[in-house]
Structure formats: C-alpha cells, structure tokens
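Chains A and B, in that order, are what the protein sequence lines are. Per my numbering: the first sequence = residues 1 to 321. Per my numbering: the second sequence = residues 1 to 496.
Worth flagging that the hints you see were computed from the coordinates, not collected in a lab. C-beta atoms are modelled at their ideal positions from N, C-alpha and C, and glycine is treated no differently. Check the hints yourself; a few may be wrong.
Stated by the list, open to error - According to the in silico footprint, chain B covers these stretches of chain A (three or more CB under 8 angstroms from chain B):
| hint | stretch |
| --- | --- |
| 1 | 170-184 |
| 2 | 286-293 |
| 3 | 301-314 |
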Amino acid sequence: MGTASAIQPERILKDLQQLWAQMAVDQADSGGVLRACAMTLVVAAEDAADAERVRQTVGVLMHNHPSRAVILHPGGSGSVLDARIFAECWKPFGKAQQICSEGIEITAGQSGYSEVAKFLVPLRVPDLPVVLWCRGTQVLMSGAEPGPLEPLFALADKIIFNSFHVADADSALQFLRRLRARGRRVADLHWTHLTGWREVLAHLFDDRALRPEEVKGSQVTFGGPSVTTGARYLAAWIRTALPGARVSLASGDGPPGLRSVTLSTASDHLTIALGSDHCVEVSGCGRHYRSLLPLASEEALMQEELGILGPDPVYERALSA
Amino acid sequence: MTEVRNPFADPLRFERRVPECAIVIFGAAGDLAKRKLLPALYRLAYDRRLPASFAIVGNSRTAMSDDEYRQRMHDAVKQFSEDGELDEELWKRFAANLHYVAGDVNDPQLYAALKGKVNAIGQANVLFYLSTQPSYYEVIVDGIGHSHLAAAPEGAWRRLIVEKPFGHDLESAKELNARIHAVFREEDTYRIDHYLGKETVQNILALRFGNGIFEPLWNRRYVNHVQITAAESIGVEGRGGYYQEAGALRDMIQNHLLQVMATVAMEPSAVFEPDAVRDERAKLLRSIKIMRPEEVDQYAVAGQYKGFRQEPGVNPDAQTDTYAAGTFFVDNWRWAGVPFFIRSGKRLPKRVTDIAIQFNQAPLALFRSGDGEQKTRPNLLILRIQPEEGISLLFLSKEPGSGMRLRPVSMDFNYGTSFGERSPSAYETLLVDAMVGDPTLYTRQDMVEASWTVIQPILENWNNRRFDFPNYESGTWGPAEADAMIAKLGRQWRNS
C-alpha cells in the first residue's frame, strides 16, 4: 500500500475506515465484527522477521488489551518506505461476533524514525494511552547518546524494554534510569519476569513465616557469566523492603538467570530455589513446599505490563535503588 | 491488633494471597458442586490462584472412593467449565488433593471422619461449604460444633459458607443465624449471594463511585424510576419440588435482587472496606419502606405460568409464584418518591438480568422525533448483568439528513470486548474472597434480616390467599396485573 511519498496518515486512517466497513459487510451473516481499542501500541521491531513475530504476539495481546497496533520495522535507510494496514480478529468462546483490533505496519529506515514520530501523532487513538514496546537489546546499550528510537520516546506514556539478554546489566540499568529521570515511564520485561519469584517471597511475609525485622541478611544467586538485570532488580527490591538487612549478590552454577534467594535470620535460613517443572522450592524456617511460577512467555509478560499504565512505584524504587 | 504491612506487597502485580487451606464441601455430589464449585476451584488452580497444597474434601451420602469421586468431578468439570478444554495434566495435580468422605450429615461419625481427614491433610485453615438442601444446614453446623471441627489452632481460621436461602422467612432466618452463631462467629460466616460476585454487579460500585459524572444525577431529582429485571426463559427444569416451596419472591427477589437494589441505591461508604460497604448496603435495605398489609395488592404481583402445575414433582394445585413483581420505595433523602420496580420470573420471553435507570425527560421538547411528533424520550442507563455483561446509555441523536429529527441511539460498553477474553465467574471471586477473609461481597446477618423484613408483608399476604393461577402464558412478560401495577404509577416495563 503506497510508497514513501504516498504515505499520509489521513490516507491510512481512511483505509482503516474502509477496512472496517468492508469487514462489517463480509461478516454480517456470521455475527458481525466489533472494533475494540483501549490503547495505541507502538512496537519497534528489530527487523522484518521480528515484525512478523510481533504480529503474532499482538494477535494474542489484543484479547486482553485491544489496541491500535503500529508495528515499525527497519528497512533500507532514511525515509519511510511503506505502510500497510491489517486487522486481527478473534471470536470469544461461544460467541458469534468477532472482536477485532486494527494495526498499521510501517517500514522505515531507523534514521527515518523522526519522520515516523510525526506520522504517529495523528495515527494514535485520541484520548487513549500510547505504549511503546522497544524490541531487542541494542537500544538499552545505546548509552547516553540519543539512539534512533529517541524521537518515539516523547510520544509514549509508557516505554517497555526487555533487558533479559543484555550482556552488561549495569549499562542497561543506567539507560533506564536516565530515561526515567527525564520523566519517561519505563518498564522492563526482565522485572516482569520476576513477578513469580517476588510473589512467593512476599507470601512468606503474608503467612508470617518470617517477620521483616527478623531478616538480617539476604543473598541473591544468579547463574551465567555475569550479573543480570534480574538479579540486580531483585537485590534492590529486597534492599528497599528490608533496609536493615545486608543484601548481597552471588554467582552460582547453571545457565544465566536467577537461581535462588536466601533470607537469613539470627537462627535460620529460608531459601527459594529454582526447581524443576517451572517451580521454585521453598525450604527453611519450618517451611518446605513447591510453588509454580507463572508463565514467562513474551505474551504473558506483555499482558502483565500492559495492565499497568499508571505509575509503578515498586518497580521505580527497585530501578532507582 | 494492628495489621503489620508487608514490605514486599505489590498490589499492582500480585493477586490476593490465598493461604494454605482446605475446603470441606457438604453436598459435594450435588448439582451446585458439579456445575459451579468444582469448575470454579479448578479454574482457580488453572490460574495459579491456589497454593500447591490446597485440598478439597467432599462429602455426600453416596458411598464412593476418592478415585471414584475424582472421576465424577473430572467429568463434571469437563462438562461444566465454560472456558474450553480441561487440561488433563493440571487436573492430575489438582485431583491429587481431592478427597471424599461418605456419610450422612445426621451421623456424628461423619464429623469424626471429616476431622480425621482434615488432620491427615494437615491444613490448619478450613473453609466449610454448605451446598446441601437448606433443611440440613442446622444439623451440619451442629455437627461441626459438637465435633470441635470449628475450633481452629492458634493463628488459623475456620470459616463457613452458607448458600441461600437463608431461612424461608424472617423468623426462620433469625433461627438459622442463632444456630450458626452458636458455632461460628459472624465474621467467620459467609452467606453467599452469587449475584454480588458477578463482575457487573461489582462494577455498579465502580461506575457510581469511580466516576464523577453519574453520582450527581443519581437521586430523586434526576432519576424517574429504576427497573430491575431478572427473567428466565426456562421453567423449573426438574427442580419443581424445591421450587414450589420457594417461588420467585423468595428465590430471587428476597436475596439477589434486593442486594442488587441495595448496590444501586446505597450511599458511598467512607472507605472501600468490607464492613463499611456492607454497612451502607444494610442501611439501604433498612430504608426500604415496608408495605402495609393493605398496600400489598397495590405494590406486589404474583404470577404462575401455564404448565407449571404439570411439571414433575409439582403439586397440581400449587400456589407457587413463578413470577413476582414488586414496587419498592426507599425512605431517604436521595430516593424519596422514586419507585424501584423489581420483577423476576420463569418462562419469560428471554433470559436477561438488567437494571434500567430511567432519567427524567428533558423539560421541553424542542425537536421532532422520527414520526414527526414533537416529543422527548427519557434517557436510560442500562446495567446489563447477563447474558451480555455491560452498560448502555440510551440518548437521542439527530437522524442524518435535512431537518432535525431525533432518534434514540445506544452507546454501549461491553465487558467482554473491553477487558479481554474472560471475567472470573462469581464463584471464583467469592471463593477466593472467603479464603482470604474478605467478606465485602457476602451478605451479613443484618442484611439478611432486613431483606426478609421487606418481603415479609408480601409473603404473609400471599400465604393467606388463593390465587387464580395460572395467569400468564409461557413466553410472555408475565401477568397483566404486573403491567397494571407499574401503569398505576405512570410507568411501563421495558420489554425489549
């Protein structure tokens, strides 16, 4: 649909209207379609193949977070090359009517993202939040220099990254802190990945298995060659929750990722350790049980993040600690 | 004792913690357990809301082994789960903690056996669920009390969930409460009204008190009247024996619909905490004007569909109300003079539960409607509870083209499409609430007694008269007297 010179937001919006009108006609006899939208989700894909994966992910996300998805992927250099529209539909269990969300896929050179940012202003859905999902780790390694995605940051109410695979955790965290300091609301799927662990730990204090003042120290053990952002986050979170406890990081065996968390009292230790079958095992202080971790698929992590569009004070404290 | 804040709490991310506990279900082979309770518990396990050690102990008279009971419940969950296929791997883990104890609730040995099972499972926290015929409630509560099953170890809890009906009139409700309180404290007693667990009923509070635009209109100055309808297209479907003793007034209005009315009409609570919210609901129920005996014929209508007396198990001379409608007024400043019309019936044209708040018309008709007449139409705010959960606002809009002709249009919010694929079922919500100790959506003793007090004059009138039943055809909106009841006050039912 169109070339660089032909791409105009007004035209894209008109094409979307026509798409919906046509779908309404096509589906009239089978329950019709319902156009649903709760936000604008802009996704900066790494490349064309990644954009294809994003399309599939967006199809899953829209069940809980119907949105106008704008998928950007780099192609060639310089200006915007192409744009096309699409719709993702699903039929709720037992219902005749399909629920559909709309999308726009834009191919642009990364140097053309400032032009894309101008396009996005009219393309975002009025009065609804804009979430920017930055795929890949390159952006987190861009240091203090403004990266190619910089023009998009100003448009977003929330910017989601994923530091899971970054080699240099400290650089990634510095990048996120800088962005946060500039007033941008940021999120990191590696933090989201920790929710299951954090929930197990929090429940120990709900159950009174431990009292906060009893905990004198804590150790977060990670696998792999270097400390991960996840381990840093968890240690920071424990430190902010238990300011009186000594919190340390330790390298352990096994593949990269979190291996265990130990909380020590004056007389005992309680350990939450990664076990088999996607479980963690809790042992010590009179407790011994297994707890299932939630799904950590990209879709599941994004579902969780898209459910939090306002401030996330717990994450922000952990990031800044 | 002051609650110690958990420094690791993250309410944006973590669901409320269901503590390690067991649930003992009396009537565990019955319809409610099969259709609602086990599917809800399985779904909670599927959503990882239950601790790994969570255990279920089922009881009924039927002799069967743990494995036979597991197989029955497997089939029931498979049949009645509304969310697609059963995950067989998950079921295996879930069923490993599913136990069964056969026994008659009148037999003290049963409670000794249950106590042994609970001790063997090793759960200190136990939730008892009465899912039997109501006539067994008292004997079960007594059995729990005599066997000391209700005595929790230090720091643990024992709670009781009671299914409706909570008595069959005011006096019996008071008796039941007294028997329960001999064993369980009121704060450990959870009277379930599954309507209050429905997302859309909870959303009434969000709509009213979370938005700035509705509450200023939510009073007698702007609201003309309120209609609450709970219609079923089906008949008694094999429950004739039970239903002929209950009737629509007891089965629906006394509990579900008066609670819904209380939610629609209550004052905002100062804080969103269980007793604060329940205090306001209770205050509203106590503010409903009690009909004088001579007013009952004017403000209440009973109906029975043709064919009810031919249903299996129904007395051929039954005086049961398969339809009931009432006009209620609230004696407070907000609602003085505003009628609340409530109706519920079986074999009506369709299955629908909704609340329609009809606002006063614009004071002056400036425009012509589609038929050329110069008139206004009232705005309607419709809170749809089932089957399509959502909210609609009806208002007038200009028809396209020349001239200024107006036509009513609907602005719709649909729960399913705005919030994704699934809302938890009412039983999921309410079971979690009971396990975490949040009674906000449960009915308190004073609320039960207040709603029976409202209904009692109607019951007394209807019990002491002979109706010329049947008085409505299946597939219609009930007896003509119901239309006349509302017409006397210058209104008409929304039959759409």
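The hints, checked one at a time:
Under the rule that three or more residues need a Cβ within less than 8 angstroms of chain B, the assignment of the stretch 170-184 of chain A is violated, with 0 such residues. For the stretch 286-293 of chain A, the proposed coverage by chain B is satisfied: 4 residues have a C-beta within less than 8 angstroms of a C-beta in that chain, meeting the threshold of three. Interface restraint, the stretch 301-314 of chain A with chain B: holds (4 residues with C-beta to C-beta distance below 8 angstroms; minimum three).
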